[in-house]
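*Asks:* Sequence:
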Amino acid sequence: MGTLARPHTHRRAVARTGRRSVRPALPNEADVLSVLHHALTWDTFAFGSAITARRAADGAVVLVCEVGDSIAGYLCLGDPLLVRPAPEAPAGPAQPADPATPAEPGVWTLRAIGVAPQFRRTGVATDLWRAALECVPASITHVLGSTRTDLVAAVGWYEARGFGADPAVVPPTAQTPVSELSFRGDVVTLRAQAGTAA
5 MGTLARPHTH
15 RRAVARTGRR
25 SVRPALPNEA
35 DVLSVLHHAL
45 TWDTFAFGSA
55 ITARRAADGA
65 VVLVCEVGDS
75 IAGYLCLGDP
85 LLVRPAPEAP
95 AGPAQPADPA
105 TPAEPGVWTL
115 RAIGVAPQFR
125 RTGVATDLWR
135 AALECVPASI
145 THVLGSTRTD
155 LVAAVGWYEA
165 RGFGADPAVV
175 PPTAQTPVSE
185 LSFRGDVVTL
195 RAQAGTAA
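When we follow the numbering used here, the leftmost residue of the sequence shown carries the number 5, and every step to the right adds one.
Please note: incorrect hints may appear among the correct ones.
To be verified - Each pair of labels, with its calculated beta carbon distance range:
1) Asp35 with Asp170: 30 to 36 angstroms
2) Ile144 with Pro171: 19 to 25 angstroms
3) Ala196 with Thr153: 26 to 32 angstroms
4) Arg134 with Glu108: 23 to 29 angstroms
5) Cys139 with Asp35: 34 to 40 angstroms
6) Ala196 with Val156: 34 to 40 angstroms
7) Thr177 with Asp73: 26 to 32 angstroms
8) Arg23 with Thr200: 32 to 38 angstroms
9) Gln197 with Arg125: 17 to 23 angstroms
10) Thr193 with Arg27: 24 to 30 angstroms
11) Pro84 with Pro28: 29 to 35 angstroms
12) Arg134 with Arg188: 15 to 21 angstroms
13) Pro181 with Arg125: 25 to 31 angstroms
14) Ala157 with Pro181: 16 to 22 angstroms
To be clear, the hints were calculated from the coordinates, so they are not data collected in a lab. Note that the Cβ used here is the ideal one computed from N, Cα and C, for glycine as well.
Input sequences plus hints: build the corresponding full structure.
*Replies:* Below you can see the structure in the form of structure tokens.
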């Protein structure tokens, strides 16, 4: 099992020269990935997501990239999380919650991708993304993604990989005080941009 790359140690030289390998996450690495995920969500260069490694047991692809014996980054790609309709203002007695709406068929969502700071700009995210695209089944035609509008590096990451921005911007809420941008990419274009075979 890989160990968590400590976010604030000075290991840039190791990161640049160490051998990288991408593999599926192991079940016993959920805690390590959860710690890394939560550490990165406070980092302005992290790619936001509401899912942690603990919720990846639903058919999602969860990959890790190791550099030496450290987990340098992770990626989670799978069915869109089921979304409940926004509640309307109550007009009477409390009503039971509506069931979650079905996910869009033929679509997967990039739920999370993160790279520990000392391993950035070393090819970790690229390796994870290419490996993830190879795992996408033929029935999936599009991949969705989203990020906060203030995370310039994340917006650029999506654009550089062939995603198109959805014109709709999710406005700020009490839980998410910054607007979010949605992205959509067709798998053929994403694979061509990444240089991976279909």
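*Asks:* For every hint, state whether the structure bears it out.
*Replies:* Structure-based check of all given hints:
Evaluation of the 30 to 36 angstroms hint for Asp35 and Asp170 yields a pass: the beta carbon distance comes to about 34 angstroms. About 23 angstroms separates the C-beta atoms of Ile144 and Pro171, a value consistent with the hinted range of 19 to 25 angstroms. Our hint of 26 to 32 angstroms for Ala196 and Thr153 holds, since their Cβ atoms are close to 27 angstroms apart. For Arg134 and Glu108, the Cβ-Cβ distance of about 24 angstroms falls inside the hinted range of 23 to 29 angstroms, so the restraint holds.
Separation of Cys139 from Asp35 is about 23 angstroms and departs from the stated range, judged on CB atoms against 34 to 40 angstroms. Look at Ala196 against Val156: about 25 angstroms separates their beta carbons, and that is not inside 34 to 40 angstroms. Our hint of 26 to 32 angstroms for Thr177 and Asp73 is violated, since their Cβ atoms are close to 40 angstroms apart. For Arg23 and Thr200, the hinted distance range of 32 to 38 angstroms is not satisfied, since their beta carbons lie about 20 angstroms from each other.
Between Gln197 and Arg125 the C-beta distance comes to about 19 angstroms, which sits within the given range of 17 to 23 angstroms. For Thr193 and Arg27, the Cβ-Cβ distance of about 26 angstroms falls inside the hinted range of 24 to 30 angstroms, so the restraint holds. For the pair Pro84 and Pro28, the supplied restraint of 29 to 35 angstroms is violated, since their beta-carbon distance comes to about 21 angstroms. Taking the beta carbon of each, Arg134 and Arg188 are about 19 angstroms apart, inside 15 to 21 angstroms as hinted.
Checking the proposed 25 to 31 angstroms range against Pro181 and Arg125 shows it holds: the Cβ atoms sit about 29 angstroms from each other. The hint said 16 to 22 angstroms for the Cβ distance between Ala157 and Pro181, and at roughly 19 angstroms that hint holds.
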